[in-house]
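> We have chain S; now place chain C onto it with these hints.
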Amino acid sequence: MLSRSFNLMLKKAWISHVKMIMPENYDPIPIYRVMDPEGNILHESQDPKLNKDTIHKCFRDMVLLNALDKILYESQRQGRISFYMTNFGEEASHIGSACALSSEDLVYAQYREAGVLLWRGFTISQFIDQCYGNYDDDGKGKQMPVHYGSKKLNFMTISSPLSTQIPQAVGSAYVFKRRANNNRCVIVYFGDGAASEGDTHAAMNFAATLECPVIFFCRNNGYAISTPVKEQYRGDGISSRGNGYGMAALRCDGTDLLAVYNATKVAREYCLKNNKPIILEAMQYRLGHHSTSDDSSAYRPAEELEIWNTVEHPINKLKNYMLKKGWFDEIAENDYVKDIRKKIMIQNQQAEKKQKYDWREMFTDVYDDVPDNLQKQMKQMEDHLKKHKNEYPLQNFKQS
Amino acid sequence: MIGTLSKFKSALRPIGHVNKILARNVSHFTYQPDEKSPNVDGERTKMNMFTAINNAMDIALATDDSTLLFGEDVAFGGVFRCSLNLKDKYGADRVFNTPLCEQGIAGFAIGVAATGAKAIAEIQFADYIFPAFDQIVNEAAKYRYRSGNMFDCGSLTIRAPFGAVGHGALYHSQSPEAYFAHTPGLKVIVPRGPIKAKGLLLAAINDKNPCIILEPKTLYRSAVEEVPVASYECELGKADVLMNGNDVTLIGWGTQVHVLREVAERAKNELKVKCELIDLVSILPWDRETVCNSVKKTGRVIIAHEAPLTNGFGAELAASIQEDCFLHLEAPIARVCGWDTPFPHVFEPFYLPDRLRCFEAIKKIVKY
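Chains S and C, in that order, give the protein sequences.
Following UniProt numbering, the numbering of the first sequence begins with 1 at its first residue and continues without gaps.
Following UniProt numbering, the numbering of the second sequence begins with 1 at its first residue and continues without gaps.
Bear in mind the hints are in silico, worked out from the structure with no lab data behind them.
One or more hints might be untrue.
Claimed, not checked - Simulated restraints, written as ranges between beta carbons of each label pair:
1) N85/C to D358/S: 47 to 53 Å
2) Q322/C to M381/S: 20 to 26 Å
3) F133/C to H388/S: 35 to 41 Å
4) Y392/S to M243/C: 46 to 52 Å
5) E360/C to S293/S: 53 to 59 Å
6) K389/S to F350/C: 54 to 60 Å
No residue lacks a Cβ here, since even glycine has one placed at the ideal position from N, Cα and C.
Same shape as in the complex, but just chain S (with noise of 0.2 Å):
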């Protein structure tokens, strides 16, 4: 057989008349649901059942998330902080696929995935302090907000350009693959704009031969900025590219926590079970901005966003879902919202009080030490400012 094959990885032999292969003559990637917008499940046996405590858990970081992105849009529009970018419309996708996951296994994000961390246990203050960039920032006020991360919680630290994560994902999990008893996998997080860039083609054709357990997890929400997917591609979305690459696709309904939920766990056994990568892709819409530097009524018309606000809203479906349970109290929902919000303005408040890093932060952690050039800038930083000091916002800075 190998004498009259072209390539080692065809198997397909001959046909003796041309025949095009059209992209209609591919039957699309069907789209899995759970649950219908009313809160019904579809078939039995594919309710997780996930218990009371899981599902409160759920719903509530999807509630904070939402009470968050309104505050910190807010606080953006009254020039408190200079940037932020909010999560509406995607809570399912990052509330669902995070509870799926280990807390071992690693994450690689975007920037519109604030709810994964926070289902890990990252705290109000600690979203609220990156974004001032204030003293208790981890990122001690080195990015723009909203580029998060975490050591404890294994999320990796965002970074604005696109796509690069998605290699770098690829490479940590073919370093969990050669450990022991592995028992991590790797997710990275993308839109369906990032993969158009290069590097998402470059991960998934790495991730694919090198055999490394990841999940690439496309949010396809229907625009990158103000680019409908329409110019961003022609074929079946992005699920239908792991064929092209060898690897196993999965497309989900977005807006359907308990559809996600399954999805990612499926493919987090498969990942780890097989050392090998999946694409997920959750389709959803994004319901705010692209970001606060951005006004969406510019490229898309308000009745767009109606049925996505309404019906298919992941917090609804959730919420008429707990209700068919028995397991929403209106008035314990209310007094939690009220509760937040409360926390979320006094930490507000209190973030943008706290002073920022000494200044001389600015020229650490460019290398693990500091070489000379940078301690030779830094002492004509100091010497500049001792003549100049009150033409600099010194009082906002720690003094070391």
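Just chain C, lined up with the frame of chain S:
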């Protein structure tokens, strides 16, 4: 890239009259083994530069089970033989081929290093490092800084063959060090021969910062010297003074060091000019103290590199020397570099900052 490979391999193995003709272009320098051997006990053995690099990676793989070596075609030994036999010795899961994609190699390597494992990534030619530029500049270099030291990719080393090879033309000859020298967070290193290549590579692998080691590929086979068999490191960020002199300071790195050494000998014999020869070794961070101490003594300095003149690393050196040694300078700082053109094929002998151009620069600077 693949198509040119067999050509390179034959050119670097001079057998028969055809290769003698090819070799004519290669000999723009004469390799001088290091006079001072590193202070390492034990056996020494003759190695060329690719065997010294192979030996260093052998040690790294043996010392730390987390160490991985990967890139395009490294499993069968590498197109320059640097990884020969290492897959057989350490297993296909530690020494392996990647798909042909430089941004993937760099990104994958960063991810390996971010877990604390040691990554030795090979880019087949420095000319093909540019697809990985984003991963190197925006990611690797900034990993520690942007996370407030929560995460780093310090155990990452990228190796890339670089520099003129006689007939490499535009995409098998480039010297891209200046692009990376503009990137805080990286260390950039260039060895001049087998002893330094082994010591610097081991230092880079063990250093806690992402390092790029650019290996002058024309030296892989032609440079041979007695290399200590044991493990040792050469300090990063430290220049070597290879010849002492009071009249002119000559600064170069990689193959150019050997060009300058020959020129310095000739200047001593013909002009009675004593040159101080410095191999800069580390491009980033660079050894300002050694350089400026020398220039303060000689008052004259010539910087030579294969890369184009404009914004080459010579510009940084010249500006810094001018700042630190202004009152000691007896003549304008001279730069003898590649021209501001792409690296040409048939015109290579006219492109390189060769012995004659460097020698003319010495004649001119002592008469200023």
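> Next, verify each hint and record whether it holds.
Now for the hints, and whether the structure bears them out:
At about 52 Å, the beta-carbon gap between N85/C and D358/S stays in the expected band of 47 to 53 Å. Taking 20 to 26 Å as the suggested C-beta distance range, the pair Q322/C and M381/S conforms, at roughly 22 Å. Checked against the given bound of 35 to 41 Å, the beta carbons of F133/C and H388/S, roughly 37 Å apart, stay inside it. Look at Y392/S against M243/C: about 48 Å separates their beta carbons, and that is inside 46 to 52 Å.
The given range of 53 to 59 Å is respected by E360/C and S293/S, whose C-beta atoms sit roughly 56 Å from each other. Range check, K389/S to F350/C: about 56 Å between beta-carbon atoms, so the 54 to 60 Å window is met.
Of the numbered hints listed earlier, not one is contradicted by the structure.
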